[in-house]
Amino acid sequence: MSPVDGQGIDNPKLPVDPALTEGRVPDRAPQTVPELHEVDCPAELRERIEELMSRYPDRHSASIPALWAVQERYGWCTPEGIRQAAAVMRVTPAYLESVASFYDLLHTEPVGTHRIEVCTNISCWMRGGDRLLEAFEAACEGEDADFFVTGFECLGACDIAPMASIDQRYYGPLEAAEAGVAIEQLRAGAEVLPEKALLERPLAGDTPAPGGHGG
Amino acid sequence: MADPRETRVLLEHAEDPALRTLAGYKRLVGGYATQEKAYRELEQDEILSELEDSGLRGRGGAGFSMGKKASFLPRGEMQKYLCCNADESEPGAFKDRELMQRNPHQLIEGIAIAALAADAGHAFIFIRGEYADQADILDAAVAEAYEAGYLGENILGTHRDLELVVHRGAGAYICGEETALLDALEGKRGNPRLKPPFPAVQGLYGGPTLINNVETLSNVPRIVANGAEWFRGFGTEQSPGTKVVSISGGVRRPGNYEVELGMSTRELVEGLAGGPLPGRELKAFFPGGSSSPVLTAEEGLDLPYSFEAMAEAGSMLGSGSIIVADDTVSIPHLALRTARFYHHESCGKCTPCREGTNWTAKMLERVVRGEATPMDLDIIASVQQNIIGHCLCVLGDSMAMPVAAMVRKFREEFEDVMASAPTAVAA
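For the protein sequence lines, the chains are A and B, in the order given.
Numbers 32 to 246, taken from this note's numbering, label the letters of the first sequence in order.
Numbers 709 to 1135, taken from this note's numbering, label the letters of the second sequence in order.
Bear in mind the hints are in silico, worked out from the structure with no lab data behind them.
From a predicted model like this one, the values you see are computed outputs, not experimental measurements.
Hints may be right or wrong, so weigh each one.
Each computed SDA-like pair below joins lysine to any residue, with the alpha-carbon atoms no more than 20 Å apart [unchecked claim]: (1) B:896 to A:211; (2) B:896 to A:139; (3) B:896 to A:199; (4) B:896 to A:86; (5) B:745 to B:860; (6) B:1057 to B:1035; (7) B:734 to B:852; (8) B:896 to A:84; (9) B:1057 to A:132; (10) B:903 to B:1070; (11) B:896 to A:228; (12) B:896 to A:172; (13) B:903 to B:772; (14) B:1070 to B:1009.
Kindly produce the complete structure, drawing on both the sequences and the hints.
Have a look at this one:
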């Protein structure tokens, strides 16, 4: 027979200090699906999420895209934004929170206007990824909350190591000194390191072979 | 001009930005002609047998026969699905990114033909959230394909329908695992599922689902156009075809190179990628992404780069991503980096992986801080043995295999690091 049978937390055999459980008994009703009129959901966010739900055979599939939309609207997945999305999707806010907290790119805490993810995984680490991350951190030090800099796992661009994703676009290979340049460009609203953008690069095999002609 | 040692099939004309557009895809490589032929003239079984005869092996990591996988889907009236796995998150792998950003229509045509073979009416491209540029390119290409009638209802007037949705993930390595991908696509946290049932029987929304990697599906149009024999003209008996190989780390010309499988690994690393940086030497390499057991230079460089040769050497071809460690790289630190990654990415569902990746990372931290003893190396090795094969998915194994190989093959270096660290415990 289990020591807790029948007596709950009052059971003296329960190997838990009752002081630890005091005040922790659930005293609220379970979270429910918020009604649309209870949340002040902007019309364009509601329409966007409804359009996203219509793409899938099951509306739940739109949860990650809906959270992306919330993040785009508010800068991060705010509790209020999550409630709004939950009301549109007819799910509980807790459900969307559980999804948001699983994924590294969905932020459940405030983050800066500009998000910089510096890869510190194997290939970038071998080529100076840690130094690049430090350079980005130093370049935004003491500033307002405009910049969110973080080390990140492999971003899938080891060919341009060391690299960073700046506002969702890839740049590399970056010298540590270019971190400051990029931050200044972001502050000035200028184009960021155009010559280092991944999309502008040729295929590796189309570049001069090392040791070959022009290499 | 492409390097003459490459064999560009999937990357043919990839240097031309026009290839990204539907008009360019048609003009440069005769795009969508195969889909037209398949939808108008071919039976499901004809496509399936062509794929199976071609011997095309999955390019995502497992290397399973694509045609066989497609043939596992049950027949009959029911909703079936096709998922393209574009969650490429394995450290060292970046070939799918190249294929999607340079030739998105090749992938879409491959999906359309594979959907016909699998009798799927709904297809998804699950692309990792970090690949925003590539997802934008795919979105534009999918819109073009709908517009031109290659997707949607009554495709090319054949009364066949196919919906294709580009679904962006949000940053989780585990979603590259096929059942975690299905959960993420259903709008949940990306936790893997118990197998069986395999996705081919019960996958997305409970329906039979074919899941294939970007590169695998990109191979489909040409195989159906030119036939299985043509495809087998490239590569080796057990590894037919070409492979886009991602080479990174300590080499002079990192990047994606498309070569015939079976090419010498030395030719790839020292020839195409230019070998180690000036003044350095190649020490070891991961032949198939960070989850493949490392091979020392002596062990691995002279092997043919094929599924079978890498398996025989005790490693694997995996996703086809070579990460080179030169003589400046400390193997214990490399092991720590590897373990930290898997610890961070473990979804936490299975205990051996959740705890094993955590403790391996902690023990390796002690090793590099000089707080470990040689016995700890044996404990690290035994933890790896207790992870392998004991979880729902292979994320834990993906750490255990390379870490175990590093400890086994470079034990002296681990012992040196422990002895020479500033805080080394007196023996």
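Verification of the supplied hints:
no., hint, result
1, B:896 to A:211, "violated, 39 Å"
2, B:896 to A:139, "holds, 16 Å"
3, B:896 to A:199, "violated, 23 Å"
4, B:896 to A:86, "holds, 17 Å"
5, B:745 to B:860, "holds, 17 Å"
6, B:1057 to B:1035, "violated, 37 Å"
7, B:734 to B:852, "holds, 12 Å"
8, B:896 to A:84, "holds, 14 Å"
9, B:1057 to A:132, "holds, 15 Å"
10, B:903 to B:1070, "violated, 30 Å"
11, B:896 to A:228, "violated, 33 Å"
12, B:896 to A:172, "violated, 36 Å"
13, B:903 to B:772, "holds, 16 Å"
14, B:1070 to B:1009, "violated, 32 Å"
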